[in-house]
Amino acid sequence: MTNRAEMTRRDILKSGAAVATLTLAPGVTLMTFGGSEANAARADAGKRWGLLIDANKCAADCSACVTACKTENGWGNDGGEHSGPETESAWIRKVTLRDKHTGRQVSAPVMCQHCESPPCVDVCPTGASMQRVDGIVLVDKHICIGCRYCMMACPFKARSFVHSDVPEQSVNAPRGKGVVESCTLCVHRVDRGRIPACVEACEASGNSAILFGDLKDPESPISRALKQYSSIALRADLELNPGVRYQNL
Amino acid sequence: MERTIYRTIKATPASWGVAILLAAIIGAAGLAVLTIEHYGHIITGMNNQIVWGLPHVFAIFLIVAASGVLNVASISSVFGKKAYKPMARFSALLSITVLLGGLAILVLDLGRPDRLIVAMTKYNFTSIFAWNMILYNGFFAIVGAYLVVQMTQGLSPRVHKAAGIAAFTWRLILTTGTGSIFGWLVARPGYDAAIMGPLFIAMSFAFGLALFILVTLALFRLDGRIFGDKLMLRLGNLLGVFVAVVLYFTIVQHLTALYAEEHAGIERFILLDGGAYTTLFWLVQVVLGALVPMALVFLRPSRASTILASFLVILGGLAQIYVIVIGGQAYPLQIFPGYEVLEGFNEGVVNSYSPTIYELALGLGGVALALLAAGLGAKILRVLPTNLSDANYPD
Ligand code: SF4
Ligand code: SF4
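Chains A and B are the protein sequences, given in the same order.
For the first sequence, the numbering used here gives the first residue as 1, with consecutive numbering after it.
For the second sequence, the numbering used here gives the first residue as 1001, with consecutive numbering after it.
Each hint should be verified, as a subset may be incorrect.
[Said to hold, decoys possible] Simulated coverage check for chain B against chain A, where a stretch passes if three residues somewhere in it have a Cβ under 8 Å from a Cβ of chain A:
| id | segment |
| --- | --- |
| 1 | 1039-1051 |
| 2 | 1196-1207 |
| 3 | 1316-1324 |
[As the list claims (entries may be wrong)] Short derived list, chain A residues pointing at chain B, Cβ under 8 Å:
| id | residue |
| --- | --- |
| 4 | D44 |
| 5 | G46 |
| 6 | C62 |
| 7 | L97 |
| 8 | K100 |
| 9 | L238 |
| 10 | N241 |
[Claimed, not checked] Once the Cα atoms are required to be at most 30 Å apart in a straight line, the calculated DSS-like pairs of lysine-lysine come out as:
| id | chain 1 | residue 1 | chain 2 | residue 2 |
| --- | --- | --- | --- | --- |
| 11 | B | K1230 | B | K1122 |
| 12 | B | K1379 | B | K1081 |
| 13 | A | K216 | A | K57 |
| 14 | A | K141 | B | K1122 |
| 15 | B | K1122 | A | K177 |
| 16 | B | K1379 | B | K1085 |
Hints listed in this document are in silico derivations from the structure and should not be mistaken for laboratory results.
Every residue gets a Cβ at the ideal spot worked out from N, C-alpha and C, and that includes glycine.
Please work from the sequences and hints to get the whole structure.
Below, the structure written as structure tokens:
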């Protein structure tokens, strides 16, 4: 059987639009990565990208997804003499939990949940926090004023404020001191028909705990898995309908 | 009753001294801002858990107080109380400068203050924050116009009254808007209460009046003008009433929260075992900021007790906003109900915050800016009456 990443990849390539973006000259578009309108224009309204995370498959001692995200997007190494874990960015983090009643332990990564009704977008005064038509929630780094209201509003601590100069940038995700950032669902990869870095790394680690795909396509592996097995949304009581879902949590 | 005469204040050595002191504080704040700009917010005590810190406490205090400062003018023009009329001009002026001070802090604390123009030109109309910017600008315009109306000779009392009502209405909306900044944060159990709007309005009445009493008195002292005892007692008594209303809404806020299952945790945190926040709440906000001032003005009314009560109300107000803003963030977000977090940085634990000198300097700088601008205003404009002696008001 083909592995899950492979299936997802084919699933993306089925869309003609996604293939077309592959032919764009990279030099021209590099500057627009990280949430500009130009980037948003590439989104396909016919899709809604999401993740399904299986907590049973996620190993407590593995952090391949976090490492891959750091490398891909160039965060986690801002350093500086005052830097500490409280101020360092965290686009994705691993948590290990114990059920208060049964004692069962589970691990899972947490990143921006790409809410369908994102509180961060609602509160942002300038519109820097935005949602693409394909459901990916981004911060437009050019108009974010760094007020951090979105961080107050996000129920999942998914956002980070860049507290100091960023020494090593990745071309995939321009970052800047004084603005807010969060998981982009690797929009630069998705727009080129690839899967997010964390999903790829999780696959490579052998755990395959994260499934990526189009929630609007009933035939996509993620939609089929969601239909077949029970899953939850974090803080479902807030009715944000996140694009990221959890299984066995 | 003689006609009220307004005069600008004189430049005395004492007033120069105060002005220089205030300018120095503003200078220190400027340095703090430049340093934060250079190194980033990393040198402050704020972090990715406590994203709004001490500057926001000062800023919100000033913004809330600003609309309350305007009450004195409203009481005279909207509610027709003659005794307050001579103070109405300065009340309008001070409310403008206090709002200015608060907004200056907010803007200078932004990650990118250089993008203020973006904030002014790109509005996201679903954001209560964006609406607030409109409310603030409107406040400057409406209260400014109100001040002009008051200072223009020969306008009919109806114009005065209309301007007064417009300003009063606007200030109520503005404070509700400020309170709603928190009301919108549904994910944070400390904030999502409908009571925030009315609570903030009550707070603005109390903090604003306390600030008005102290600043007006200070300027009168500096300029050797008379501020009558009877008027002081009257203002003190009014302050006591406002403080009682704040206390009432605070009690309602916590009682209603206690009834809601999902708020039990944060309530326990603030009221019982939140360490510094619990102390700030009970000792500074409730006892020093409400009970003592009420006892002072109701049981031992005097000039001194009004002054002391005003100081305490301001202290208690800062504590109250600190508990709301910082305490609400210190209490962990409940992302995984039913689970205990074994691993994960800062997950499910109380977040710590220790403000640095930079944040304090910025906050105090905003206060100094508000005061210096008010003083300068009184130096240039005829907003302060030559005296507020009791002889003016038979009653
Ligand atoms: S998880 Fe947080 S940052 Fe992501 S869309 Fe939802 S509210 Fe916004
Ligand atoms: S920090 Fe940036 S993205 Fe977040 S609410 Fe403010 S302007 Fe919007």
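Hints and how they fare:
1. 1039-1051: Contact hint for the segment 1039-1051 of chain B vs chain A: holds, 9 residues under 8 Å.
2. 1196-1207: Check failed, 0 qualifying residues.
3. 1316-1324: Since three or more residues must qualify, the claim that chain A covers the segment 1316-1324 of chain B is violated, with 0 doing so at under 8 Å.
4. D44: Since the shortest Cβ distance to chain B is 24 Å, the answer is violated.
5. G46: 25 Å, violated
6. C62: Hint violated; C62 of chain A Cβ to chain B Cβ min 12 Å, cut 8 Å.
7. L97: Holds - the Cβ of L97 of chain A comes within 8 Å of chain B, reaching about 4 Å at its closest.
8. K100: Status holds, d = 5 Å.
9. L238: Hint holds; L238 of chain A Cβ to chain B Cβ min 6 Å, cut 8 Å.
10. N241: 14 Å, violated
11. B:K1230 with B:K1122: 50 Å, violated
12. B:K1379 with B:K1081: 26 Å, holds
13. A:K216 with A:K57: Satisfied, since the Cα-Cα distance of roughly 25 Å is no more than 30 Å.
14. A:K141 with B:K1122: Given pair K141 of chain A, K1122 of chain B holds - Cα atoms ~14 Å apart, limit 30 Å.
15. B:K1122 with A:K177: Given pair K1122 of chain B, K177 of chain A holds - Cα atoms ~21 Å apart, limit 30 Å.
16. B:K1379 with B:K1085: The hint holds at about 20 Å.
In the structure shown, a violation is registered for the earlier hints numbered 2, 3, 4, 5, 6, 10 and 11, in ascending order.
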